[in-house]
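All chains should be modelled from the sequences, with the hints used to inform the complete structure.
For the record, in the sequence shown the residue sitting at position 36 is 612 according to this note's numbering, with numbers rising by one throughout.
Don't read these hints as lab results, they were simulated from the structure. Check each hint, because a few of them may be wrong.
[Stated by the list, open to error] Between beta-carbon pairs, the in silico distance windows are:
(1) 651 <-> 627: 18 to 28 Å
(2) 585 <-> 643: 15 to 25 Å
(3) 608 <-> 643: 15 to 25 Å
(4) 599 <-> 701: 27 to 37 Å
(5) 692 <-> 643: 13 to 23 Å
(6) 703 <-> 616: 15 to 25 Å
(7) 637 <-> 695: 24 to 34 Å
(8) 593 <-> 700: 21 to 31 Å
[What the hints assert, rightly or not] Simulated pairs of lysine to aspartate or glutamate, EDC-like, Cα-Cα distance not exceeding 20 Å:
(9) 680 <-> 657
(10) 658 <-> 594
(11) 694 <-> 650
(12) 680 <-> 701
(13) 658 <-> 635
(14) 668 <-> 657
(15) 617 <-> 605
(16) 623 <-> 599
(17) 668 <-> 701
(18) 658 <-> 607
(19) 639 <-> 607
(20) 658 <-> 669
(21) 694 <-> 682
(22) 646 <-> 599
(23) 639 <-> 604
(24) 697 <-> 683
(25) 639 <-> 597
(26) 646 <-> 683
(27) 639 <-> 682
(28) 617 <-> 597
(29) 639 <-> 701
(30) 611 <-> 597
(31) 639 <-> 622
(32) 658 <-> 676
(33) 639 <-> 657
(34) 646 <-> 669
(35) 646 <-> 703
(36) 697 <-> 669
(37) 617 <-> 635
(38) 697 <-> 676
(39) 623 <-> 682
(40) 646 <-> 657
By construction, the Cβ of each residue, glycine as well, lies at the ideal position given by its N, Cα and C atoms.
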Amino acid sequence: MVTNLDLQGRWGLYPWFDGNDVDFICPDDVERARKLVLYGKVFYCEKQCGDFIVLIYGDCSLKVNPCLFKPVRDIRFSIGDKISVSPLLSSKEGVILNIEWHHKRDEPIYYLSFNGNKSSKRYFENELSLL
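Quick look at the structure:
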């Protein structure tokens, strides 16, 4: 059985939708969770805080009930990381804006910004390198 302490330092998904029971989210964080749209995003579980765990997504932190947290494998990059795209694709340099989970391939997908402009293309880990 996975305990809250086992979740600390893990990456995972939190499949909560606006309209689900708000008791899954700390009352102070419900509005932030609604704006962020949690489903599909890959979060980092920073620590346990009372009955909640603290999830990090870029600059955003949320206290949530651990029962919905679904751990995934460790990922190579974080939001805000400066990366380069494989020379076989484009040789661009950018910044990671969003990280979501590709359920069919069971791996993270990354959305990037190039020169301050958000790209609509998604990238997989094997297409990126840390600068």
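Comparing the hints with the structure gives:
1. 651 <-> 627: 18 to 28 Å: Taking Cβ atoms as reference, residue 651 and residue 627 lie about 27 Å apart, which means the hint holds.
2. 585 <-> 643: 15 to 25 Å: Hint holds: Cβ distance 19 Å, inside 15 to 25 Å.
3. 608 <-> 643: 15 to 25 Å: The hint (15 to 25 Å, Cβ to Cβ) holds, given that residue 608 and residue 643 are roughly 19 Å apart.
4. 599 <-> 701: 27 to 37 Å: 35 Å, holds
5. 692 <-> 643: 13 to 23 Å: Given a distance of about 39 Å, which is not inside 13 to 23 Å, the answer is violated.
6. 703 <-> 616: 15 to 25 Å: This hint holds: roughly 19 Å between Cβ atoms.
7. 637 <-> 695: 24 to 34 Å: Holds, at about 26 Å.
8. 593 <-> 700: 21 to 31 Å: At roughly 26 Å between Cβ atoms, residue 700 and residue 593 fall inside 21 to 31 Å, so the hint holds.
9. 680 <-> 657: 25 Å, violated
10. 658 <-> 594: 31 Å, violated
11. 694 <-> 650: Outside the cut-off at roughly 25 Å; violated.
12. 680 <-> 701: 15 Å, holds
13. 658 <-> 635: The given pair, whose Cα atoms are some 15 Å apart, holds under the 20 Å limit.
14. 668 <-> 657: 14 Å, holds
15. 617 <-> 605: Given pair residue 617, residue 605 holds - Cα atoms ~16 Å apart, limit 20 Å.
16. 623 <-> 599: The given pair, whose Cα atoms are some 19 Å apart, holds under the 20 Å limit.
17. 668 <-> 701: 15 Å, holds
18. 658 <-> 607: 29 Å, violated
19. 639 <-> 607: 12 Å, holds
20. 658 <-> 669: With Cα atoms ~7 Å apart, residue 658 and residue 669 stay inside 20 Å; holds.
21. 694 <-> 682: 24 Å, violated
22. 646 <-> 599: OK: residue 646 and residue 599 at ~18 Å, within 20 Å.
23. 639 <-> 604: 8 Å, holds
24. 697 <-> 683: 16 Å, holds
25. 639 <-> 597: 14 Å, holds
26. 646 <-> 683: The hint holds at about 13 Å.
27. 639 <-> 682: Not OK: residue 639 and residue 682 at ~25 Å, beyond 20 Å, violated.
28. 617 <-> 597: 19 Å, holds
29. 639 <-> 701: With Cα atoms ~28 Å apart, residue 639 and residue 701 exceed 20 Å; violated.
30. 611 <-> 597: 16 Å, holds
31. 639 <-> 622: Roughly 10 Å between the alpha carbons, so the hint for residue 639 and residue 622 holds.
32. 658 <-> 676: 17 Å, holds
33. 639 <-> 657: Between residue 639 and residue 657 the Cα gap is close to 24 Å, so the pair fails against 20 Å, i.e. violated.
34. 646 <-> 669: 31 Å, violated
35. 646 <-> 703: 25 Å, violated
36. 697 <-> 669: 14 Å, holds
37. 617 <-> 635: 14 Å, holds
38. 697 <-> 676: 13 Å, holds
39. 623 <-> 682: 25 Å, violated
40. 646 <-> 657: With a Cα-Cα distance of about 24 Å, the restraint between residue 646 and residue 657 is violated, given a limit of 20 Å.
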